[in-house]
Amino acid sequence: MKPTRSDRGPLAAFLSPALVIMLTFFVLPVIYVVVVSMLKWNGISAPTVVWFQNFEKLFRDKSFIRSVTNNIIWALVAGFIQVPLAMLMAIILSRKPRGWKFFRTVYFFPQVISGIALATLWRAIYSADTGLLNGLLRAIGLGHLARDWLGTVETAFPAVLIYWVFYVGYYMVIMMADITTIDTAYYEAATIDGASDFQQAIYITIPLIKKTSLLTCVTLASVLGLRQFEQVYMLTNGGPANTTNTMVLYMYKKMQDSNYGRASASAVILILVGVIFIVCIRAIFTGRNEEAAAARKRRREMK
Amino acid sequence: MTESRVHHKLSPKEVVLAVLRWILIIFFALYTLFPLVWLVISSLKTNFEFLALSPFALPAKPQWQNYVNALSVAGLGRMLLNSVFVGLVATIFNVIVASMSAYCISRFRFKGRESIYTLFTAGILVPLNALMVPYFVIINRLGLYNTYGGMILLYCAIGIPMSTFLIRGLMDSIPLDLEEAAYIDGCGFFGRFFYVILPLSRTGIVTAATFEFLTCWNEFVFANLIVSSEKLRTIQVGIRYFTNQFSTDYVSMYAAIVISIVPSILGYILFQEQIISGMTSGAVKG
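Residue numbers (the numbering used here), protein chains in the order written: chain A, 1 to 303; chain B, 1001 to 1286.
Hints in this document: simulated from the structure, not taken from any laboratory.
Hints may be right or wrong, so weigh each one.
[To be verified] When the alpha-carbon atoms are kept at most 20 Å apart in a straight line, the in silico SDA-like pairs for lysine to any residue are as follows:
#1 A:Lys101 <-> B:Arg1021
#2 B:Lys1013 <-> A:Asp193
#3 A:Lys253 <-> B:Ser1228
#4 A:Lys96 <-> B:Val1015
#5 A:Lys96 <-> B:Arg1021
#6 A:Lys101 <-> B:Ile1025
#7 A:Lys101 <-> A:Val20
#8 A:Lys96 <-> B:Val1019
#9 A:Lys253 <-> B:Phe1136
#10 A:Lys101 <-> B:Glu1273
#11 B:Lys1013 <-> A:Ile202
#12 A:Lys62 <-> A:Ile73
#13 A:Lys253 <-> B:Leu1128
#14 A:Lys96 <-> B:Phe1027
#15 A:Lys101 <-> B:Phe1271
#16 B:Lys1111 <-> A:Leu19
#17 A:Lys101 <-> B:Leu1266
#18 A:Lys96 <-> B:Glu1273
#19 A:Lys96 <-> B:Ile1026
#20 B:Lys1111 <-> A:Val20
#21 A:Lys253 <-> A:Asn42
#22 A:Lys96 <-> B:Glu1014
#23 A:Lys101 <-> B:Leu1270
#24 A:Lys40 <-> B:Ala1029
#25 A:Lys101 <-> B:Ala1029
[As the list claims (entries may be wrong)] Distance ranges between label pairs, derived from CB positions:
#26 B:Thr1248 <-> A:Ser16: 29 to 39 Å
#27 A:Ser258 <-> B:Ser1229: 19 to 29 Å
#28 B:Glu1014 <-> A:Leu28: 53 to 63 Å
#29 A:Lys211 <-> B:Val1019: 48 to 58 Å
#30 A:Arg60 <-> B:Leu1033: 44 to 54 Å
#31 A:Ser63 <-> B:Asn1244: 22 to 32 Å
#32 B:Ile1124 <-> A:Ile81: 41 to 51 Å
#33 A:Ser16 <-> B:Leu1058: 57 to 67 Å
#34 A:Arg282 <-> B:Ser1228: 39 to 49 Å
#35 A:Thr286 <-> B:Thr1121: 13 to 23 Å
#36 B:Trp1022 <-> A:Ser16: 24 to 34 Å
#37 B:Arg1113 <-> A:Ser63: 40 to 50 Å
#38 A:Leu136 <-> B:Val1019: 15 to 25 Å
Ideal placement from N, C-alpha and C gives every residue a C-beta, glycine not left out.
Please model the complete structure; the sequences and the hints are all you need to start from.
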């Protein structure tokens, strides 16, 4: 509907609160971090312009490099291990086995529990003396493997990273919603042709969700992997020896030290790495393989 | 594979697949539930039972006292109220502002509409954690550091793109004829909003509100950033402090975590459809 003359005033009035908020809390802050990333500023005394010095210092700081590497590993594990697991479960549950609604509800639990509560729970699980994991290992006779999971340099990062990987509910639900929109005629035809469940998943389901929910989930999982904060903050606070640092935690610590320039520079890098990830994932998913899959699908449909 | 599912006899391969399928289903369920059950059981033990006996043993007598400790000693009750208050007020403002903007974007074709829409979409994708520094500065400049107002404003604000997106999705599906009929009957801009569009987008608004409230309830980073006073702490910030406060009183700490999780789980079970549709439709866009 085109706004009539009398609608114009109210329209502006209705839009303005949201617009003011968007400008204040989204546009301005992004500009702000870009500008402040080029300053040396402790928040109190007058800032001085240092151009790209903050970035130079960041790249020479081993603990920042470690944070970036950790975040990239995190994003890749989330996108290419967690999401495929979620897809597997989505394919299984969308066949509606007995009790599927119950399982869907349970798998989704971690998504509604706060990151902080979950991290605290897992800190208790990993705890050296009283933890569930060590208790479990001792109970099955593998007591020699028990250790201080979060306090040991070798195991701290894998421990922080891994528990989240098996929480697949969020991505599973997104992909299930997509899978249920696939025309059942495809599956019926494939069944008559003697295609197994496995073949149906490979040749029908996956190609059909690849460009939609699968792409979304991989993007989302990677981007969330780049933003990790609560988990590491609560579980290890970046330790031991910075092995579990992440970009946001690094930024947070620089901010606590009133090093606003360096904190903003790492924020800029965080945003840039996010954009690069989104662009790359899109490129991977809409590349050459897509045509081959579409062709396979067409062949199947013709049968 | 020659056997088809039309025949009811299962081949050995299909049996293996079915068994594998159930192993996976049960593994993922246990992976989620077992730690939670362990947490609840631990929260009912005495510290002696927890520290000295097997982690799988049940408490001799459930220690409800731990919950009393968590609620009274740690001031958990106050924190729960803070979370509810901040979450509710932020959610109300959020859905009011978002419904208004969604109405404009969804029902009118005006200059700049596309750019505004792009701005909202970009808002969903921006990593908010990266904006900690400016948020801290903005809240300070507004004189809202360490106030309920600061938290409410920030929570309301950061949820605007998502809520607008969710509500707009529903408004888009309302047929234009209805609105035109109202217009011909002399219904103005506000009349159409209040009497036609708003009642019909109820489900979208409920979804957005549920999603926003859950986000507020679980939010930690900013609550930790812009509030320092103990009296204003939300439950998530509180949990972080318990872990120090109760560093030796494990069982009370677990009781505190259980208390913080229960509302989320209950709310989820009650509003499952809204939460799932909110989280999935938002994601499909992103």
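Now for the hints, and whether the structure bears them out:
no.	hint	in the structure
1	A:Lys101 <-> B:Arg1021	holds, 16 Å
2	B:Lys1013 <-> A:Asp193	holds, 18 Å
3	A:Lys253 <-> B:Ser1228	holds, 17 Å
4	A:Lys96 <-> B:Val1015	holds, 17 Å
5	A:Lys96 <-> B:Arg1021	holds, 12 Å
6	A:Lys101 <-> B:Ile1025	holds, 12 Å
7	A:Lys101 <-> A:Val20	violated, 42 Å
8	A:Lys96 <-> B:Val1019	holds, 15 Å
9	A:Lys253 <-> B:Phe1136	holds, 14 Å
10	A:Lys101 <-> B:Glu1273	holds, 12 Å
11	B:Lys1013 <-> A:Ile202	holds, 17 Å
12	A:Lys62 <-> A:Ile73	holds, 16 Å
13	A:Lys253 <-> B:Leu1128	holds, 16 Å
14	A:Lys96 <-> B:Phe1027	holds, 17 Å
15	A:Lys101 <-> B:Phe1271	holds, 14 Å
16	B:Lys1111 <-> A:Leu19	holds, 15 Å
17	A:Lys101 <-> B:Leu1266	holds, 16 Å
18	A:Lys96 <-> B:Glu1273	holds, 17 Å
19	A:Lys96 <-> B:Ile1026	holds, 15 Å
20	B:Lys1111 <-> A:Val20	holds, 18 Å
21	A:Lys253 <-> A:Asn42	holds, 13 Å
22	A:Lys96 <-> B:Glu1014	holds, 17 Å
23	A:Lys101 <-> B:Leu1270	holds, 14 Å
24	A:Lys40 <-> B:Ala1029	violated, 50 Å
25	A:Lys101 <-> B:Ala1029	holds, 12 Å
26	B:Thr1248 <-> A:Ser16: 29 to 39 Å	violated, 54 Å
27	A:Ser258 <-> B:Ser1229: 19 to 29 Å	holds, 21 Å
28	B:Glu1014 <-> A:Leu28: 53 to 63 Å	holds, 59 Å
29	A:Lys211 <-> B:Val1019: 48 to 58 Å	violated, 33 Å
30	A:Arg60 <-> B:Leu1033: 44 to 54 Å	holds, 46 Å
31	A:Ser63 <-> B:Asn1244: 22 to 32 Å	holds, 24 Å
32	B:Ile1124 <-> A:Ile81: 41 to 51 Å	violated, 25 Å
33	A:Ser16 <-> B:Leu1058: 57 to 67 Å	holds, 59 Å
34	A:Arg282 <-> B:Ser1228: 39 to 49 Å	holds, 42 Å
35	A:Thr286 <-> B:Thr1121: 13 to 23 Å	holds, 19 Å
36	B:Trp1022 <-> A:Ser16: 24 to 34 Å	violated, 56 Å
37	B:Arg1113 <-> A:Ser63: 40 to 50 Å	holds, 45 Å
38	A:Leu136 <-> B:Val1019: 15 to 25 Å	holds, 24 Å
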